[in-house]
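Residue numbers (my numbering), protein chains in the order written: chain H, 787 to 1444; chain A, 21 to 343.
Since the hints were derived computationally from the structure, they do not count as laboratory data.
You may find that some hints are simply not true.
[To be verified] Computed cross-link-like contacts, SDA-like style, restricted to lysine to any residue with a CA-CA straight-line distance of at most 25 Å:
hint, chain 1, residue 1, chain 2, residue 2
1, A, LYS173, H, ASP1190
2, H, LYS1341, H, ILE1267
3, A, LYS129, H, ASN1276
4, A, LYS320, H, LEU1179
5, A, LYS212, H, ALA1430
6, H, LYS1357, H, ALA1430
7, A, LYS130, A, THR198
8, A, LYS136, H, VAL856
9, A, LYS130, H, TYR977
10, A, LYS212, A, LYS136
11, A, LYS169, A, GLU230
12, A, LYS343, A, VAL331
13, A, LYS99, H, MET853
14, A, LYS99, H, ARG1226
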Amino acid sequence: MELLRRIRDRRSIPLATTLVVFVVLSSVLGGRWNFPLDRSSLTGFHTWLNQVGDAIDAARNANPLMMYTVDAIRSSIDWFVTLLQNIMSQPPAGSSFPYIGWLGILAIVGWVVYATANWRVALLSVIGFYAFGALGFWTASMDTLALVIASVIIALIVGIPMGILAGIFPKFESFMTPFLDFAQVMPTFVYLTPVALFFLIGPASATIVTLIYAIPPALRITAVAIREVPVVVVEAGTSLGTTRWQLLRKVQLPLAKRTIVVGINQTIMAALSMVTIAALIDAPGLGQVVIKALQKLDVGTSFQAGLAIVVMAVVLDRSTTAAAAKVKRDAEHGRGTRHATRRRIGLSIGFVGVLVAVYLSHTFLFAAQFQNEGFLGTPIARYTQSATDWVQLNWGSATAWYTDWVSNWFLNPLQNSLVDAPWFVTAFAVLVMAYVFGGRRLAVTAVFLIAMLIGTGLWSDAMVTLSATFFAAAITIVFGIVFGAWMGRNRKVDRVMRPILDAGQVLPAFVYLVPFLGLFGATRFTAILAAVVYAAPASIKLVADGVRGVPETIKEAAIAAGSSTWQLITKVELPSARRAIALATNQGLIYVLAMVVVGGLVGAGGLGYLVVAGFAQSSLRGKGLAAGLAIVVLGILIDRITQAASQPRVREAIGNNH
Amino acid sequence: MTQRLRMGVILTAATALLLTACSSAKVDNAASTTPATTASTAACGTLNLAVNPWVGYEANAAVVKYVAEKQLGCTVVTKNISEQVAWQGFATGEIDAIVENWGHEDLAKKYITDQKVAVDFGSTGNEGIIGWYVAPWMVEKYPDITDWKNLNKYASLFKTSESGNLGAFLDGDPAYVTNDEALMKNLKLNFKVIYTGSEAALITAFRNSEAQKKPVIGYFYEPQWFLAEVPLVHIPLPTYTAGCDADPAKVACDYPPYHLNKIVSKTFADSASPAVTLLKNFSWTNEDQNLVAKYIAQDKLTDEQAAAKWVAANQAKVDAWLK
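Let's have the full structure, built from the sequences with the hints guiding it.
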């Protein structure tokens, strides 16, 4: 403890000095050497990117090999998605209903979740699926589900083997890391148009856009899972003379199974989060409903569809989490108990029931077509609409005052100092931070990244974005600590909060943009708020897990020593959960950065607006791509520095002992 | 006990289902295609219609789709995509028609002039106006605000957290061309352009402006369904003359009037489809479009219902398109 504190002190002196130097220099030299660029001006780099884009477009038809490969990929994905759609959502040619109607789908879902998890979650899933129809979006939900299933299956087929490779060969992993960072941080708007050109407008393009975002978590978590297998076990296997393949199949994979299921869960969530964006290139499903409702500022309908997306996310999340827990339980307790036999009988009877339900829904109208669709959704839409109207009308002036207050006192000073500061002053501050936290290696990386940022020609816009990101992340972290500590200490609070947090994470931003705009106007504050809604849940959950992980013995000792609850929280629990808080900070920043583009849609300007403009206007395509690159650079820079900051340098002092 | 109970529930449910099934209507797969449609489908085939993301466009597409399907027996496939992706679809052969195009000289050059995959099919009859607008209450209270020369007098009214000492001027959807930054400089107006980034943001701002009597000025356009809800007032700038916007940095005049037009793919234009005539002749007034857009956006009709309602009342216009 003493050692840690000293390390922190050693870091804080250069950091504080840098901060002072930055503030002084940026106010003295402010307004010069800061690369301003007009909204519609392009740099040579942007024009060049435009030309590269045109050249790639032209290459599509000119290069037969490329066309052949691309077409093969496209047609097989199209075939796969269309097959799934014919089964559950869209009538195949010459028919007026999909192969399986709502009753059959409900039965299959219940049975599969019961088989892989438990009956409680199975019941929840069936109710959830019923809710799709009740909300009025049975077909749209099934379209979305078909797309998610197709994307997740392909993502796993690609991601898991690559993840295994990355887990075994660290070199392969470090080779993949930049690509994965790119895929996860690069705004989707940047590559929507080219993807639609190569893979045409339709399910294939939507799937590929989703894959780009959904493969990285599958790959990354599988790699972690393989590496987590204790070295001792692997060594024992090797000494017994097993081959590498046997080792993988018999030892590493079974032990990594549980974590890999977590990876599947994250892959599903990632795929689901692309639903609305993919709708911009005609992906079918709930995303379409949300986008169409946004055009009409129809808050009610868009909330109704957003709710269906949240329900889908919760069902998929709970069932895969429960499946992961069951994998673990089975591994620990083994099978073949009396309970398991009974379960097997239940499953067999259930299977017959599923067959009956599928037959019914294939044959009879009542089971094929959801009856009384939307009986729940229509009133929900109406109430939401009138509630938002009322709030907008009655709270309008208070919220406007609040927006002004926050902007004038916090946002403007922060933004002014970052935007006005000459680039070398900011660069110097970043370098010192990188060096203090991550040593020479990180400093070198930082030099490279800063050079790239300057190269994009969008330094000034990047600083606008960065200041909003810092501010949103600060709010996110405060929320994370306050609510995380509360949730971590109290199971009941956890149970109430968790579904709300899930909703915040998966509700498409397009759903709440209009009410937010109504209350806070087209301002940076609105953008920050949207970012916090999306980012705070992850931070809160991470901190809650950390607080819950604090060993009972430590807490009991503190209570015995006469600590008050406040002291217990601030002096014991939060410090012990420091690693979790650091991770929450890192994730908070990255999640906030993921919302930069959404911010561009509500008046925050900066890089986000440029990305959207590049999507909308062909002459700005290169500039939009450059803005996307700048976001990636910022993301990597923030990620590396905060990660280094969260890892105590102690490890370096002890030496790398693995 | 619970085990047996659960089993009982399942069995009862299954029996109940079977019983209802026996007396219930069957899925009739043969009924989906009526003979009448099949006959003429052969003549028309499939029309791939791009649907760009704004309600006015949706209104055009709804009516074209309705007429093509009901009166020509075409199969119309609508694709919800943005403008760039739609134009690109001419090259990949996936889009047959765009039914409301706003300018886009660069795309027209690329796909009509250079690649020769698309054809201009003439005006939709709609006149597009782009310009500066304020909510009607502002004109009532400050009648001389409609003259741009007086805008500096009112600039301080429009100050927000985003605009510093200047007035905030809201710019909209990044898809639209804007000269506003240059205009502020060249007309010496004390306003800062705030890029709201979406149509939703603009409409919300104007809606609040009218409801709460909050000063808002910004970029907007007609035809637009929202004008039926709040009739925003246009502030004319120095009159547009051909070429006055040639140098983007020196623009000091209003936006040109846009003659909205239809673009179709070359293959479609050359085909014998009866829909070619429909698309060539399709033309209606801003009032017509606003009405259908209002059906869709405010009365919450589906596209098909909205189109049916309009066509029923305007069969004569529709007949003229088909000749």
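Hints versus structure:
Only pairs whose Cα atoms come within 25 Å are accepted, and LYS173 (chain A) paired with ASP1190 (chain H) is accepted, the gap being roughly 23 Å. At roughly 18 Å between alpha-carbon atoms, LYS1341 (chain H) and ILE1267 (chain H) fall within 25 Å of each other, so this suggested pair holds. A C-alpha spacing of about 64 Å is found between LYS129 (chain A) and ASN1276 (chain H), which places the hinted pair above 25 Å, so the restraint is violated. As the CA atoms of LYS320 (chain A) and LEU1179 (chain H) are separated by approximately 22 Å, the hinted pair is consistent with the 25 Å bound.
Our distance criterion of 25 Å between C-alpha atoms is broken by LYS212 (chain A) and ALA1430 (chain H), whose separation comes to about 40 Å. Restraint check for LYS1357 (chain H) and ALA1430 (chain H): the C-alpha separation of about 24 Å stays at or below 25 Å, so the hint holds. A distance of roughly 21 Å separates the Cα atoms of LYS130 (chain A) and THR198 (chain A); the hinted pair therefore holds under the 25 Å criterion. This hinted pair checks out: LYS136 (chain A) and VAL856 (chain H) have alpha carbons roughly 24 Å apart, not beyond 25 Å.
Of the supplied pair hints, the one linking LYS130 (chain A) and TYR977 (chain H) holds, its CA atoms being roughly 20 Å apart against a limit of 25 Å. For the proposed pair LYS212 (chain A) and LYS136 (chain A), the alpha carbon gap of about 41 Å is over 25 Å, so the pair is violated. The suggested pairing of LYS169 (chain A) with GLU230 (chain A) holds, with an alpha-carbon distance near 23 Å, which does not exceed 25 Å. As the CA atoms of LYS343 (chain A) and VAL331 (chain A) are separated by approximately 16 Å, the hinted pair is consistent with the 25 Å bound.
A threshold of 25 Å between alpha carbons decides the hint, and for LYS99 (chain A) with MET853 (chain H) the separation of about 23 Å falls inside it, so the pair holds. For the hint linking LYS99 (chain A) to ARG1226 (chain H), the alpha-carbon distance of about 52 Å lies beyond 25 Å, and the restraint is violated.
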